[in-house]
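Protein chains: 2
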Amino acid sequence: MAARPQSSTVRPVRGDARVALLEAALALVRKQGWAATSIDQLCRTVGVTKGAFFHHFASKEALGVAAAHYWDTFTAPLFASAKYHQHADPLDRIYGYLDFRGSIAGGPLEDFTCFVGTTVQETFATSDAIRAACGETIRAHAERLEGDFRAAIALYPPRTRVTAANLARYTQTVIQGGFVLSKAQGTNAPLLEALAHLKQYLSFLFEKPLKKETSHGKRRR
Amino acid sequence: MAARPQSSTVRPVRGDARVALLEAALALVRKQGWAATSIDQLCRTVGVTKGAFFHHFASKEALGVAAAHYWDTFTAPLFASAKYHQHADPLDRIYGYLDFRGSIAGGPLEDFTCFVGTTVQETFATSDAIRAACGETIRAHAERLEGDFRAAIALYPPRTRVTAANLARYTQTVIQGGFVLSKAQGTNAPLLEALAHLKQYLSFLFEKPLKKETSHGKRRR
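These protein sequence lines map, in sequence, to chains A and B.
Quick note: the first sequence uses our numbering, first residue 1, plus one each step.
Quick note: the second sequence uses our numbering, first residue 1, plus one each step.
Wrong hints could be hidden among the right ones.
Copies of the same chain look alike in the list, so a pair counts if it works inside one copy or between any two.
Cross-link-like lysine-lysine pairs, in silico, DSBU-like; alpha carbons within 35 Å at most [said to hold, decoys possible]:
#1 Lys-31 with Lys-208
#2 Lys-60 with Lys-50
#3 Lys-60 with Lys-31
#4 Lys-208 with Lys-50
#5 Lys-60 with Lys-211
The hints are simulated quantities; they were obtained by calculation from the structure and are not laboratory data.
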């Protein structure tokens, strides 16, 4: 797994223009969306010529596909190194993952919302290549939860028929929806609230009570 | 409440250019996003001059604010006239609302996904006026569920502390996330799956079992 790249504000070192363009795309698109982010702006941000851009990417669409894959590379180490994996109980690992999602949802919305969720909202009908790359990145992230859900299903027989795959996908649905509502309200509160509801659902489904201090996000009344 | 407007493909009748521009904005933005939709394209679609556009809207941003409010006018009658309101039990009305959301999620994704959810993803940091208008429309839609949630809370004391407002907001979070995942996968399956999980959560929360035929969406394995 690649080491975690540095912030997108960093200037490219020689030969690193491709990575710098990808990281500029992540930062700009998370703040202003895909279509609003032009090749010109990307080049200005990174300090390269359009020739350099087209040396690395055949088109803006090609950059979008690469950036959707790069988003996974960019974020995976953050999750892989998080402490929630240390819990012995698989459901505690899942609760820990959801708490971690809440804990990193601070600061400006564009710092914790999702490059691929934003990009696919705009491009699903106009670029199947970008849509597929975004879908693949969401799927890959969700799949990393499946092992813990599979173990939780074995350990705590759920009250209704579910699969590790559909629960993992549902976590991503709730998080992506939390981003949309948080953007609409201009605060992270809807995301934190949604994470608390999702944890509550899992505690009912697996009949494993939540610990008191984590039963609902601190923004709940 | 305004009568339901006609399809956005309709050509404006005399004096109706404002509504035609708003409906063109809804259709184009749902398919290709906010920034990708230009004033020129709106004018071409509707068959009016840029002068006519600026007669009705001071700027593209002003159109965005108006369209976010118009989206509520456009969609509210569809929900107001739906049959789920006829259930005697408030929780059945909520389940019916969620089933209705699933039932209208057919055809091309741009025909059932959300104008304001798409627009706010892109504009939250660059136009506070559009963000606020989108937030207001989501809030207004969620609020129409609050009465039923309030009645459900009174009738079926929930297993954990919730409010009508936070449950109503959570329904919108799940639906918006379902749109994002559906776009990423190019199918309505993630939305239907998410609606089924949400119904299951409510059935656990209120300890009112789901009827067998509605316990999980048909796309569940």
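Numbered hints the structure breaks, given as an ascending list
Numbers 1, 4 and 5, in rising order.
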